[in-house]
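Could you build the full structure based on these sequences and the hints that come with them?
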Amino acid sequence: MTLVQGALDWLGDPANWRGLSGIQQRLVEHLAITGAVILVAALIALPLGILVGHTRRGRGTVVALTSGVRSIPTLGLLTILALNLGIGLTAPVLALIVLAIPPLLAGAYAGIESVSVDAVDASRGIGMTEWQLVRAVEVPLALPVIVGGLRSATLQVVATATLAAYVADAGLGRFLFSGLKQRQYSEMLGGAILVATLALVLETALALMQRVLTTVPPDTGRP
Amino acid sequence: MIEFRDVSKRYPDGTVAVESFSFVVPSHETVVFVGSSGSGKTTLLRMVNRMVDPTSGTVLIDDQDVQQVDKVQLRRSIGYVLQGVGLLPHRTILDNVATVPMLRGVSRAHARKDALGLLDRVGLDRALATRYPSQLSGGQQQRVGVARALAADPNILLMDEPFGAVDPIVRAELQVELRRLQSELGKTTVFVTHDVDEAFKIGDRVVILSAGGRIEQADTPERIVAHPANDFVADFIGARSARRTLRVQDVDGREVVVDGDGRPVGMLAT
Chain A
1 MTLVQGALDW
11 LGDPANWRGL
21 SGIQQRLVEH
31 LAITGAVILV
41 AALIALPLGI
51 LVGHTRRGRG
61 TVVALTSGVR
71 SIPTLGLLTI
81 LALNLGIGLT
91 APVLALIVLA
101 IPPLLAGAYA
111 GIESVSVDAV
121 DASRGIGMTE
131 WQLVRAVEVP
141 LALPVIVGGL
151 RSATLQVVAT
161 ATLAAYVADA
171 GLGRFLFSGL
181 KQRQYSEMLG
191 GAILVATLAL
201 VLETALALMQ
211 RVLTTVPPDT
221 GRP
Chain B
224 MIEFRDVSKR
234 YPDGTVAVES
244 FSFVVPSHET
254 VVFVGSSGSG
264 KTTLLRMVNR
274 MVDPTSGTVL
284 IDDQDVQQVD
294 KVQLRRSIGY
304 VLQGVGLLPH
314 RTILDNVATV
324 PMLRGVSRAH
334 ARKDALGLLD
344 RVGLDRALAT
354 RYPSQLSGGQ
364 QQRVGVARAL
374 AADPNILLMD
384 EPFGAVDPIV
394 RAELQVELRR
404 LQSELGKTTV
414 FVTHDVDEAF
424 KIGDRVVILS
434 AGGRIEQADT
444 PERIVAHPAN
454 DFVADFIGAR
464 SARRTLRVQD
474 VDGREVVVDG
484 DGRPVGMLAT
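Heads up: the sequence lines are chains A and B, in that order.
Following our numbering, the numbering of the first sequence begins with 1 at its first residue and continues without gaps.
Following our numbering, the numbering of the second sequence begins with 224 at its first residue and continues without gaps.
Hints in this document: simulated from the structure, not taken from any laboratory.
Computed from a predicted model, the values in this text were never measured in an experiment.
Using N, Cα and C, we set each Cβ at its ideal position, and we do this for glycine too.
Accuracy of the hints is not assured; some may be wrong.
[Said to hold, decoys possible] Restraint-style ranges between C-beta atoms, simulated for each label pair:
hint, chain 1, residue 1, chain 2, residue 2, range
1, A, S114, B, S260, 25 to 31 angstroms
2, A, W131, B, V393, 35 to 41 angstroms
3, B, S250, A, T214, 28 to 34 angstroms
4, A, L213, B, H417, 53 to 59 angstroms
5, B, R327, A, I80, 54 to 60 angstroms
6, A, R18, B, T353, 52 to 58 angstroms
7, B, T353, A, M209, 22 to 28 angstroms
8, A, G76, B, D293, 41 to 47 angstroms
9, A, A159, B, S260, 28 to 34 angstroms
10, B, R331, A, L8, 29 to 35 angstroms
11, B, A449, A, L213, 55 to 61 angstroms
12, A, R57, B, V393, 38 to 44 angstroms
13, B, D458, A, E130, 39 to 45 angstroms
[As the list claims (entries may be wrong)] Covered, in the sense of this in silico footprint (three residues per stretch, anywhere, with C-beta under 8 angstroms from a C-beta of chain A), are these stretches of chain B:
hint, segment
14, 287-299
15, 425-434
Now the structure itself:
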């Protein structure tokens, strides 16, 4: 109980929020790392996933590759990368991109594949180009599933971005690592609460977005 | 006019869908390809709008080889109705009907205005215009499919078992409506079905196909009934079945037509 009280006191102290290593700054860093990682991972994974879903080719390769990549422990990968690239943000950002790609990729190809075969065949048959098919039919209809992938990628990255502090002076992970080192457990718990809260906020926002993007009206049953 | 000139379709695994098929669909006529599954009828239909390219032979539309025409442009110039309808579930009925004109560069407002007229044409209430496909019955969806196919005012209409998934009552209704539309519009139509009664109701000419796109008989429905070319055709149309072997029976001075089982079908018109 005292530990929780300590963490709440730490969070409630305005002095801890200010400054270059204050909560505010760390929160911004954490969000910036998450955002940059998701952006780069999406730029790689979404076009590839959409291509695989659209052409129905290379699915086996992609599934094997993503499940292989999924089995890599992020901390291990981060250590190897940091040993080669040195201290700084490059190693954690790369490790997090590797973490984010599989769910984004899976969401993209599964989403495109889930689009009604009849709608795709008919749209091609009435004269849509392959590009129009992707843009006007497949992606809009796959969007809820694609955002589902984005949701799970974001959740994993925002939680795992605490590891950035392992090799760089950035992100909310700083509070966990420095708290552990200095036996400041209230600071450590406070940091953990911040990460968990941030993850929940992002999760809720994306879940809401997913609901809005489900443009197809619910099947009301045939009159 | 659509001409199939010695077309074949073989798949890499060795399956032969169509073997040396030749046939001419005259302009403004409705020709029905009828056959069981494996007769290649859908493959033949899809060769016209290049959804399938033949392995050998040519398909010509008004003497032009379709291989010489850009696929996308070709498809936009041909009306296509599918069994699965394939409406876009995220777009309204009106926007679904307006799809092809908009692909061809017609403005949204103009395409929507025309689409409303097409809803009338296929017998759909304009109130449905703002609904989504999932809110319509199967029969209504298929009418939307026909409206969409007519939207760009094509000369050719391809219909691939369009009424296969609707119940018999709605099906009969749609068949009557299609006859009405055909007499009004006179499109060159290729219609594919496995139902010989539907073929006889819809077709000016009926092509009876057996495995691999082999033509067993191609003629008007009445001539096929009168003179089945061979046993395959006779079996396929059920020439010897009770419903096709009608005779006249005198009932209290009126001429009643009865089927092979003696069940009344109707009266002879006087």
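Going through the hints against the structure:
no.	hint	result
1	A:S114 / B:S260: 25 to 31 angstroms	holds, 27 angstroms
2	A:W131 / B:V393: 35 to 41 angstroms	holds, 36 angstroms
3	B:S250 / A:T214: 28 to 34 angstroms	violated, 46 angstroms
4	A:L213 / B:H417: 53 to 59 angstroms	violated, 40 angstroms
5	B:R327 / A:I80: 54 to 60 angstroms	holds, 56 angstroms
6	A:R18 / B:T353: 52 to 58 angstroms	holds, 55 angstroms
7	B:T353 / A:M209: 22 to 28 angstroms	holds, 25 angstroms
8	A:G76 / B:D293: 41 to 47 angstroms	violated, 53 angstroms
9	A:A159 / B:S260: 28 to 34 angstroms	violated, 53 angstroms
10	B:R331 / A:L8: 29 to 35 angstroms	violated, 57 angstroms
11	B:A449 / A:L213: 55 to 61 angstroms	holds, 60 angstroms
12	A:R57 / B:V393: 38 to 44 angstroms	holds, 39 angstroms
13	B:D458 / A:E130: 39 to 45 angstroms	holds, 44 angstroms
14	287-299	holds (count 5)
15	425-434	violated (count 0)
Violation of the numbered hints given earlier is confined to hints 3, 4, 8, 9, 10, 15; the remaining hints are satisfied by the structure.
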